[in-house]
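Q: So you can see what is in the structure, the chains are spelled out below.
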Amino acid sequence: MRSFYGQQLDSPLMLGTAQYPSPAVMEAAFRASGASVATVSLRREQGGGQAFWDIVRRLGVRVLPNTAGCHGAREAITTARMARELFRTDWIKLEVIGDDDTLQPDPFGLVEAAEVLAGEGFQVFPYTTEDLVLARRLVDAGCRVLMPWGAPIGSGLGLNNPYGLRALRAAFPDIPLVVDAGLGLPNHAARAMELGFDAVLLNTAVAQAGDPVAMAEAFALAARAGALAARADPMAPRDMAVPSTPVIGKAWL
Amino acid sequence: MKNDLTDGGAVTSAAAIGTGDGTGGLPIEVNGEPRRVAAGTVAGALEELGWGTARVATALNGEFVPAAARAGRALARGDRLEVLAPMQGG
Numbered sequence: 340m341r342s343f344y345g346q347q348l349d350s351p352l353m354l355g356t357a358q359y360p361s362p363a364v365m366e367a368a369f370r371a372s373g374a375s376v377a378t379v380s381l382r383r384e385q386g387g388g389q390a391f392w393d394i395v396r397r398l399g400v401r402v403l404p405n406t407a408g409c410h411g412a413r414e415a416i417t418t419a420r421m422a423r424e425l426f427r428t429d430w431i432k433l434e435v436i437g438d439d440d441t442l443q444p445d446p447f448g449l450v451e452a453a454e455v456l457a458g459e460g461f462q463v464f465p466y467t468t469e470d471l472v473l474a475r476r477l478v479d480a481g482c483r484v485l486m487p488w489g490a491p492i493g494s495g496l497g498l499n500n501p502y503g504l505r506a507l508r509a510a511f512p513d514i515p516l517v518v519d520a521g522l523g524l525p526n527h528a529a530r531a532m533e534l535g536f537d538a539v540l541l542n543t544a545v546a547q548a549g550d551p552v553a554m555a556e557a558f559a560l561a562a563r564a565g566a567l568a569a570r571a572d573p574m575a576p577r578d579m580a581v582p583s584t585p586v587i588g589k590a591w592l
Numbered sequence: 030m031k032n033d034l035t036d037g038g039a040v041t042s043a044a045a046i047g048t049g050d051g052t053g054g055l056p057i058e059v060n061g062e063p064r065r066v067a068a069g070t071v072a073g074a075l076e077e078l079g080w081g082t083a084r085v086a087t088a089l090n091g092e093f094v095p096a097a098a099r100a101g102r103a104l105a106r107g108d109r110l111e112v113l114a115p116m117q118g119g
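Read top to bottom, the protein sequences are chains W and V. Count along the first sequence from 1, add 339, and you get the number used in the working numbering. Count along the second sequence from 1, add 29, and you get the number used in the working numbering.
The following block holds chain W by itself, in its conformation from the complex (with noise of 0.2 Å):
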């Protein structure tokens, strides 16, 4: 099993914390997805963060901030520091983004903040396209983790470019790899880990189903399913019908 920065984690589902009817369905959902990692963010105090915090503390799962919104690499720079201060953690969820359209990062604010970042000890989960380039200009800055999106943010497309992410898983045997983004339905889980990926990273798909909890549940029986498949060594696909029952002994009728 491929570690975070030295953890290993007790389920493929990275879950997040934003969009759902309520605080209550939220934790809910948390439990029956049994997800071992909560996103979370920082804005403006408000009132109601500290009652945010309380409830993500209960879950009782490890905790990955995110630079989300943030535009470039100064901005993304400064919320991952005061993320590390306020969250108590050295992983940062980094976000560049660098079209409003489709929130696809911005490879060169990324790798950017990812070298400033990971040079102060920060352990930088960047969420990046499926670029192998990218991907390894990533690693070069320091990130131990890459987490390519399947589709863009919210859109619930699944995988747009499974040739483009088993390049990736291929091209990086030793780094852990998360589809992070663009989930919609647990299939696309399954697929993912299918693929060989790590984990998975959602918040929509779950949060705005009619049924939150029990999708968060549907995404975490799916997930298992892909990883064991995974581990199972599926069988190569062909063109040409072969058949499974035995030739061999047939009646000539």
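Hints listed in this document are in silico derivations from the structure and should not be mistaken for laboratory results. Mixed in with the good hints there might be a few duds.
Said to hold, decoys possible - Far from chain W, some chain V residues (derived; all Cβ distances over 10 Å):
id, residue
1, Glu-76
2, Arg-84
3, Gly-91
4, Gly-101
5, Leu-104
6, Asp-108
To be verified - One side of the interface only, derived from the structure: several residues of chain V facing chain W at Cβ under 10 Å:
id, residue
7, Trp-80
8, Gly-81
9, Gly-118
None of these values were measured; they are calculated from a predicted model. Just so it is clear, CB atoms sit at the ideal spot from N, CA and C, and this is done for glycine as well.
Fit chain V to the known structure of chain W by using the hints.
A: Frame of chain W; chain V shown alone:
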């Protein structure tokens, strides 16, 4: 949030100086809102604004100010103070 104090840090109205709103103190921006604080440091301002013991992280003019450095960090007219708390995120 626009106000008459933060354009280039210059004070542009007489009412901005002294006790125009009855509190006096240094005109700064806190989380995008114009405020006046009597305190001269980040730590003092947090105390004054009711966040003395809150779980918050601070930045001044875009630079992170660690908790341990707040007491030694002086405020100047027009400074932008950000006070951030835990929030839901994906």
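Q: If any of the earlier hints don't hold here, list their numbers in rising order.
A: Those not satisfied are hints 2, 3, 8.
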